[in-house]
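Enquirer: Each chain, letter by letter, is given below.
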Amino acid sequence: SQQGEEDPQALSIQEGENATMNCSYKTSINNLQWYRQNSGRGLVHLILIRSNEREKHSGRLRVTLDTSKKSSSLLITASRAADTASYFCATEEAKTSYDKVIFGPGTSLSVIP
Amino acid sequence: DAGVIQSPRHEVTEMGQEVTLRCKPISGHNSLFWYRQTMMRGLELLIYFNNNVPIDDSGMPEDRFSAKMPNASFSTLKIQPSEPRDSAVYFCASSLNEKLFFGSGTQLSVL
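Sequences listed follow chains A and B, in order. Using the numbering used here, read the first sequence as starting at 813 and increasing by one per residue. Using the numbering used here, read the second sequence as starting at 55 and increasing by one per residue.
Derived by calculation from the structure, the hints in this document are not laboratory data. We put the beta carbon where it would ideally sit given N, CA and C, even for glycine. Not one of these hints is a red herring.
In the DSSO-like style, the derived pairs of lysine-lysine whose C-alpha atoms are separated by at most 30 Å in a straight line are:
1. A:K838 / A:K868
2. B:K153 / A:K881
3. A:K882 / B:K153
4. A:K868 / B:K153
5. A:K882 / A:K868
6. B:K153 / A:K838
Label-pair ranges, simulated between beta-carbon atoms:
7. A:R866 / B:G70: 47 to 57 Å
8. A:T876 / B:K132: 36 to 46 Å
9. B:N151 / A:A822: 24 to 34 Å
10. A:E865 / B:E72: 40 to 50 Å
With these hints in hand, go ahead and build the complete structure from the sequences.
Expert: Pasting the structure below:
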């Protein structure tokens with residue numbers, strides 16, 4: 813079963829523009845993570861935000877979390893062609909005592925040079 | 055560290071055959087996950103282990119699927135008998151401090 817739902821499913825932007833992806837989830841969570849997947853490769857962890865945090869930064873990445881709306885957003889600033897990939901949000905449900913991580917369907921990002 | 059190692063990288067088999075996928079997690083990681091990725095269903099969690107013990111196998115689609123983790127450095131996912139609808143990319147991931155580290159995946163094609 814999928815916990816998170818990303819929006820949009822696909823996004824195409826020009827190099828240098830900002831890219832924003834959204835994620836909604838259904839149940840209470842311990843944390844929310846964003847991962848990136850290049851074509852034909854495994855997923856790579858980008859950033860983790862805990863349920864008691866509202867915003868987090870890492871380089872050109874900015875993640876926000878609104879637990880009242882059960883939603884998160886990932887902002888990539890000054891995008892580059894190398895940012896072209898699929899981006900997934902993943903949630904660790906609060907009801908589990910173990911780190912059970914469920915992924916959403918992902919957003920496909922294309923950055924045009 | 056070499057990261058999570060999966061083998062084989064590609065597997066092509068005929069319907070009805072047994073398929074075994076292998077995974078070596080990162081040393082020191084105490085959780086291991088098996089996921090399946092398809093265009094239609096996205097990333098599905100099949101099973102996860104904590105300290106080599108299967109904790110949740112509710113995502114295993116059918117009895118044809120089984121997974122083992124005999125020790126901290128090795129896990130297998132077996133499909134017997136395989137069917138064309140099992141065709142997908144199967145990922146193994148291990149975790150430390152809540153972050154998952156993925157292998158490169160096994161591309162399985164069942165003809």
